[in-house]
Amino acid sequence: MTVEWIPFLTLLGTLALIYSLLALGLNLHYGYTGLLNFGHVAFFAAGAFASALATLPPPGSAAYQELGARYQIGFGWPLPVGMALAAVAGGALALLIGATSVRLTSHYLAIATFAMAEIFHSFLSNEEWLTQGVYGISVVPQPLKGTVIPVSQYPYFYLLFTAITVFALLFLTQRLTESPFGRVLRGVREDELAARSLGKNTPRVKLQAFTLGGALAGIAGSLWVHFIGAVHVGQFVPLITFQVWLAVLMGGAGNNLGVVFGAFILVAFRESTRFLNNIPLLDRFTAANPTFVPSLRFVIIGLLLVAIIRFFPDGVLPERHRKAIGTRQDRRLS
Amino acid sequence: MTEFLQTSIFALATAGVIAVSAVGLTLSYGVTRFINFAYGEFLTMGAFFTLILAGAGLPLVPAAIVAVLLVGLAGVLIARIFYDPLMSRGPFPLLITSVGVAFILQNLLRMFYGSDPKRFPVPLMRPWHIGNLFFPKAQVGILLVSLGTMLAVHLLLRRTMVGKMMRAASDNEMLARVSGVDTRRIINITWFISSLIAGLGGVLLAITQVAIQPAMGWSFLLVIFAATLLGGIGRPYGAMLGAIIIGVGMEFGTAYIAANYTYAFAFAILVVVLLFRPQGIMGGIT
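Chains as they are written, first to last, in my numbering: chain A, 16 to 349; chain B, 410 to 695.
No wet-lab data here; the hints were simulated from the structure.
Source: prediction; values computed, not measured.
Every residue gets a Cβ at the ideal spot worked out from N, C-alpha and C, and that includes glycine.
Honestly, I wouldn't trust all of these hints.
Just a few of them, taken from the derived set where beta-carbon distance is under 10 angstroms, the chain A residues facing chain B [unchecked claim]:
1. Leu119
2. Tyr123
3. Ile126
4. Met131
5. Ile134
6. Trp144
7. Pro253
8. Leu261
9. Thr306
10. Leu318
Make the full structure from the sequences, and use the hints.
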């Protein structure tokens, strides 16, 4: 098998940028505010479906007939509207989940968010009028494709579009986390009681961080769904949540550039495992069992999670030491 | 009325499976103080090991017994390799590590056995009929095994020295240690018993509820969490009580409210518990 390097790297870059955005969202939750969110995939899914349904041609229209697809909701709005709605959907779901559970501490919050993501997933699987259930929707619009941008050039265009969006959001996130608001977030993380006794409304601050992170994940969902051009509930499994966790921990929680770097390592690793099929000794196993390589990939992701937490708890690009905090005791990992 | 009673029979069997699984989880939490996200994989291993041994020619019951003991040993081994070195670093690293361990175990099974659903070679059995009700033999058997397990755990905790030391280590590890309890040994024993019970839960789960496949335990994990937290984490009797409520909630929710949301009922109860009484019915330990 020869590798087409340019298309492969384009795919890798686009996916890595989308995961970067997911990681930036989780980093706001965990890295800055110390919230253990184990349900991140739900915000990603909310954004993906919101953007898909907003941009699909309305059922009954000429474009709908032409697609020959079956779905029941579509508004035919332009992509920017879809992206904005994806941010709103991700943020609103985060607000809903956060409003009920953000006051829970550590592992209780982890379980609550994990459970609510599963309930949301169950909802998406069962409400077929909304999501077409297990069949999904395979005709999600890819704006400008074939009209303004030739089909063969489209991946490069989309990479550029994703890069601009993600870097703009990275810039805004960085501005936010370096602002006084970011300082309050870190304060809540380090010592919520201290932050509260300084007059900060910590439940509200946590909820704001949770909502913003959810909105970032929602936008990631939008970028992803128009990149793939299809959406179905089976794509949104807890596995995604924990891959984003790995990206955040590997890159360096509390450092926006770090988690983007972590997302690139994660995706580069994950996508390059497809070449495992080419290794001489392994191909004997892979021929007999098609799930061998995909499973091996996740065994390694599991091992990485274990190893990072044990040996490099601060990640590759650790959070910058801030003198103003004084004697810094990292409560998250100690 | 008949439908109600019939649903109750299935609800009790479901509650039995959950109770067994939840007691194992809560025992390990009592001594180690972290929520083990890899716990579901021990259920999966119980079912897979039984299937493999049965495939090698052992009759089903001996195969299940050997498999469950093997899962117990695997539990001790995995705890020593992955969890012990992190015990002094608080709950978060252990939480993430247990997720990693869950990925590793689940996907190792998938690597070698694939994702196709499998079943135990159980012969088709006629249910017993009493009046308009029918009692499937498998469900009745599961109920008996669950009750037996609960009784065994009760006797272990209340009547044996090991059980006494487990309770002591769970209440106050430091105090237990200065009183001469070898807490390291107790932790190992607890992992063994907890994993063994999980393995048994997996065998029961595979008989009643679901096909045997690598994700079966992981998908059931939140149901177990729901029962455990509802009862009060670290409280074995609470877990039993929680399991009955969750099992009944799931079966009646499925029968009377919405058939496609079986597990979601358990998750919803879990969320409600976390929001309104995170310490659970019996007051969980922290």
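Hints and how they fare:
1. Leu119: 6 angstroms, holds
2. Tyr123: 5 angstroms, holds
3. Ile126: Holds, because the Cβ-Cβ distance from isoleucine 126 of chain A to chain B comes to roughly 6 angstroms (cut-off 10 angstroms).
4. Met131: Result: holds, 6 angstroms to nearest chain B Cβ.
5. Ile134: 5 angstroms, holds
6. Trp144: 13 angstroms, violated
7. Pro253: With a closest approach of 8 angstroms, the proline 253 of chain A hint holds.
8. Leu261: At about 9 angstroms, which falls below the 10 angstroms cut-off, the nearest Cβ of chain B leaves the hint on leucine 261 of chain A intact, so it holds.
9. Thr306: Since the shortest Cβ distance to chain B is 5 angstroms, the answer is holds.
10. Leu318: 6 angstroms, holds
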